[in-house]
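S.K.: Chain by chain, the residues run as shown.
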Amino acid sequence: MPNRVLFRGVRLVDPASGHDAITDVLIEDEQVMAVGNGTTAAKAHVVDGGGGLIMAPGLVDLHAHLREPGFEHKETIETGARAAAAGGYTAVCAMPNTEPVADNAAVVMEVRNLADKAGLCGVLPAGAITRGLAGEALTDIAEMWEAGVRLFTDDHNCVQSSRVMRLALEYARAFDVVISQHAQDAALTEGWQIHEGYYSALLGLTGAPAEAESIVVGRDIALARLTGGRLHITHTSAALSVEQIRSAKTRGLRVTADVTPHHLSLLDEDLVSYDTYLRVNPPLRSAEDRQALREGAADGTLDAVATDHAPHAAEDKDQEFDQAPPGTTGLETALAVVLTELVGPGLISLSDAVARMSTRPAEILGLGEHGGPIAPGRPANLVVFDPEADWVVGERPFHSMARNSAFTGRKLRGRVIHTMLLGTFTVREGEPTR
Amino acid sequence: MIKHLLSITQLSREDVGRILDTAESFREVGTRVIKKVPALRGRTVVNLFYENSTRTRISFELAAKRLSADVINFSTSGSSVSKGESLKDTALTLQAMGADAIVIRHSSSGAPYTLSHWVSASVLNAGDGTHEHPTQALLDLFTIREHFPSFEGLRLAIVGDIRHSRVARSLTFGMAKMGGEVTLVGPPTLIPPEATAWGAGVSHDLDAVLPKLDVCYMLRVQRERQRQQFFPSVREYSRLWGLSRTRVDALPDTAVIMHPGPMNRGVEIASDVADLPRAVITDQVTNGIAVRMSLLYLMLGVDRA
Numbered sequence: 022m023p024n025r026v027l028f029r030g031v032r033l034v035d036p037a038s039g040h041d042a043i044t045d046v047l048i049e050d051e052q053v054m055a056v057g058n059g060t061t062a063a064k065a066h067v068v069d070g071g072g073g074l075i076m077a078p079g080l081v082d083l084h085a086h087l088r089e090p091g092f093e094h095k096e097t098i099e100t101g102a103r104a105a106a107a108g109g110y111t112a113v114c115a116m117p118n119t120e121p122v123a124d125n126a127a128v129v130m131e132v133r134n135l136a137d138k139a140g141l142c143g144v145l146p147a148g149a150i151t152r153g154l155a156g157e158a159l160t161d162i163a164e165m166w167e168a169g170v171r172l173f174t175d176d177h178n179c180v181q182s183s184r185v186m187r188l189a190l191e192y193a194r195a196f197d198v199v200i201s202q203h204a205q206d207a208a209l210t211e212g213w214q215i216h217e218g219y220y221s222a223l224l225g226l227t228g229a230p231a232e233a234e235s236i237v238v239g240r241d242i243a244l245a246r247l248t249g250g251r252l253h254i255t256h257t258s259a260a261l262s263v264e265q266i267r268s269a270k271t272r273g274l275r276v277t278a279d280v281t282p283h284h285l286s287l288l289d290e291d292l293v294s295y296d297t298y299l300r301v302n303p304p305l306r307s308a309e310d311r312q313a314l315r316e317g318a319a320d321g322t323l324d325a326v327a328t329d330h331a332p333h334a335a336e337d338k339d340q341e342f343d344q345a346p347p348g349t350t351g352l353e354t355a356l357a358v359v360l361t362e363l364v365g366p367g368l369i370s371l372s373d374a375v376a377r378m379s380t381r382p383a384e385i386l387g388l389g390e391h392g393g394p395i396a397p398g399r400p401a402n403l404v405v406f407d408p409e410a411d412w413v414v415g416e417r418p419f420h421s422m423a424r425n426s427a428f429t430g431r432k433l434r435g436r437v438i439h440t441m442l443l444g445t446f447t448v449r450e451g452e453p454t455r
Numbered sequence: 334m335i336k337h338l339l340s341i342t343q344l345s346r347e348d349v350g351r352i353l354d355t356a357e358s359f360r361e362v363g364t365r366v367i368k369k370v371p372a373l374r375g376r377t378v379v380n381l382f383y384e385n386s387t388r389t390r391i392s393f394e395l396a397a398k399r400l401s402a403d404v405i406n407f408s409t410s411g412s413s414v415s416k417g418e419s420l421k422d423t424a425l426t427l428q429a430m431g432a433d434a435i436v437i438r439h440s441s442s443g444a445p446y447t448l449s450h451w452v453s454a455s456v457l458n459a460g461d462g463t464h465e466h467p468t469q470a471l472l473d474l475f476t477i478r479e480h481f482p483s484f485e486g487l488r489l490a491i492v493g494d495i496r497h498s499r500v501a502r503s504l505t506f507g508m509a510k511m512g513g514e515v516t517l518v519g520p521p522t523l524i525p526p527e528a529t530a531w532g533a534g535v536s537h538d539l540d541a542v543l544p545k546l547d548v549c550y551m552l553r554v555q556r557e558r559q560r561q562q563f564f565p566s567v568r569e570y571s572r573l574w575g576l577s578r579t580r581v582d583a584l585p586d587t588a589v590i591m592h593p594g595p596m597n598r599g600v601e602i603a604s605d606v607a608d609l610p611r612a613v614i615t616d617q618v619t620n621g622i623a624v625r626m627s628l629l630y631l632m633l634g635v636d637r638a
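Protein chains in written order, with my numbering: chain E, 22 to 455; chain P, 334 to 638.
It should be emphasised that the hints constitute simulated quantities derived from the structure, not laboratory data.
Fair warning: this is a prediction, and the values are worked out from it, not measured in the lab.
Even for Gly, the Cβ is constructed at its ideal location relative to N, Cα and C.
Do not take every clue at face value.
The calculated label-pair distances, taken between Cβ atoms and stated as ranges, are [claimed, not checked]:
1) P/D538 to E/D161: 56 to 64 Å
2) P/R560 to E/D161: 34 to 42 Å
3) P/R572 to E/G367: 55 to 63 Å
4) E/A155 to P/P526: 31 to 39 Å
5) E/G387 to P/Q428: 38 to 46 Å
6) E/L261 to P/D538: 31 to 39 Å
Partial pick of chain E residues on the chain P-facing surface, computed with a CB cut under 8 Å [said to hold, decoys possible]:
7) Y192
8) F196
9) Y298
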């Protein structure tokens with residue numbers, strides 16, 4: 022007896038097929054069976070969208086820290102996957118800065134096994150570019166590729182050596198995988214605490230200039246040109262970087278980029294109370310930078326919105342500003358932030374928002390099962406959300422182990438109601454199913 | 334009066350006036366044989382010093398003692414902090430012991446802000462990282478007021494490492510608030526370009542600035558900054574931005590010289606300049622006690638006893 026779920030009267034926003042209209046969607050077991058008004062099915066569990074709920078392909082995150090193995094006091098793969106599902110995600114790319122580092126196939130397989138056991142969200146481990154994230158010797162990229170890795174990064178340890186970065190981009194071409202860079206010149210950002218500008222000077226905090234990012238972005242684009250490799254710039258934060266990426270794309274280089282919800286919405290000036298939850302890496306920047314990021318997200322220069330979900334234990338963040346580690350959680354707020362800050366004010370269409378949060382990141386990772394289209398025969402990976410539901414961040418407990426959300430106390434509009442991974446509800450009526 | 338003193342920007346012009354006026358009367362207490370008044374009897378003031386600063390700690394300690402408060406000095410070496418206790422747990426402990434005021438010196442900018450979220454005691458910033466040092470600025474304003482009838486239009490230059498100076502930030506904001514004209518002087522590497530938005534002028538030419546000054550305020554230059562290459566050598570720094578005997582002659586006769594201490598004699602200030610009658614550096618120290626008495630009294634004693 023097949024398991025059938027009929028979503029009736031949902032607005033299906035599916036950039037991969039260009040669909041944007043109210044319709045019915047029938048799921049049978051792991052697959053989408055039918056899309057169209059008046060779809061009926063015997064013995065189907067019916068979910069009534071009432072015309073107001075939106076269905077989209079399950080969200081895909083290019084950048085999340087799930088912390089396991091090694092930092093299970095901050096997050097585990099299970100709690101991270103639950104937070105992801107609660108935020109509407111069906112796939113997340115887990116960063117390799119764990120202990121041990123995901124710089125070999127054994128750690129990668131361990132992450133995959135733990136994710137399979139949790140069963141709440143697809144977890145695609147990212148592999149390190151260099152051994153131990155030390156920036157010197159390349160990892161066994163092929164071995165990790167065989168273990169399913171599609172994105173390599175030394176996140177938080179920007180690859181400083183031009184030669185190593187060149188070789189990584191060049192070598193990775195053999196497997197057509199992405200080299201993702203956290204662009205940050207180390208010498209220009211020694212001891213940094215926040216964005217360098219008026220507020221760093223006022224608050225007496227050591228600044229990281231936006232140029233420290235753009236210098237590396239410029240270098241890496243030149244190296245992408247030299248090597249023909251696939252370069253991805255993650256959590257882009259500076260206006261100049263957006264310009265450089267736009268120009269690289271115009272020249273036909275294989276360059277993609279993402280931006281976080283917090284860089285799209287918050288500013289350095291929000292740090293005047295030294296709130297450690299707002300200490301992130303790269304730092305929140307100026308209004309001018311944020312404007313450029315918004316324009317980049319709108320015109321597609323920035324392909325994806327990625328969370329950089331960075332959970333920390335309470336005692337990590339309850340410290341002096343310079344001692345608190347950077348990072349904000351993001352999986353449970355990303356969709357609502359994008360809806361509230363970008364879609365609501367009309368800066369980006371709903372369809373483009375879904376493209377940035379699902380379709381494009383799935384393409385970048387080569388995840389055929391995710392990102393849509395939602396069409397008969399396709400895997401049923403999807404999210405249903407209420408775009409009108411208001412909520413205040415932190416009022417209800419997080420599903421992540423961590424509470425360090427930069428959006429704590431902010432009112433957001435848009436709430437995930439259901440998430441479905443391969444036809445199984447991972448979130449139902451707003452609550453994770455396991 | 335404000336509950337916490339975290340930044341001088343919290344104070345209105347009237348607040349500053351009231352603090353300085355009250356300090357005036359407390360200054361007299363320091364000239365008596367028995368230098369003590371009972372204003373804060375039974376109140377507890379904790380000096381929580383995460384950074385060594387003998388002069389600021391002693392000044393606060395004397396201020397509290399002259400007001401008859403119970404004073405506890407909590408320094409980080411040899412305490413629970415050296416055993417790895419967090420600021421939060423230390424704060425909760427002091428809270429549980431019934432501290433009425435916590436005076437905090439910390440190497441992290443913003444630490445007093447963080448502390449103020451965790452305790453019901455009044456928090457006084459005694460210098461946080463490279464952010465602010467509001468009581469220093471108030472004692473400087475007090476000292477300036479002893480020599481000039483009004484702050485309005487008064488011309489002050491702060492010379493040295495503006496970028497890393499909590500004294501420079503607080504004094505600039507304080508003087509600007511009181512109607513003075515501040516010029517920040519030093520090498521471009523040590524003056525954040527955004528400083529012009531603080532309501533101050535910026536110059537890199539000390540000699541051009543000197544003839545127009547009422548107050549020449551020299552900052553301590555740490556040799557560490559030379560190692561970080563903010564300037565090429567101490568010798569070059571001293572030649573361009575040090576206050577030499579010759580440079581003093583370029584100052585108007587009425588101008589005074591100030592320094593928050595401790596001084597690097599021979600680096601930012603020539604030794605004989607520091608000892609001139611117009612160098613009011615020891616007055617600053619004396620006034621520091623009176624101003625801190627005034628603050629503790631106004632924040633703890635008047636309405637909240």
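S.K.: Looking back at the numbered hints, which does the structure fail to meet, lowest number first?
M.R.: 5, 7, 8, 9
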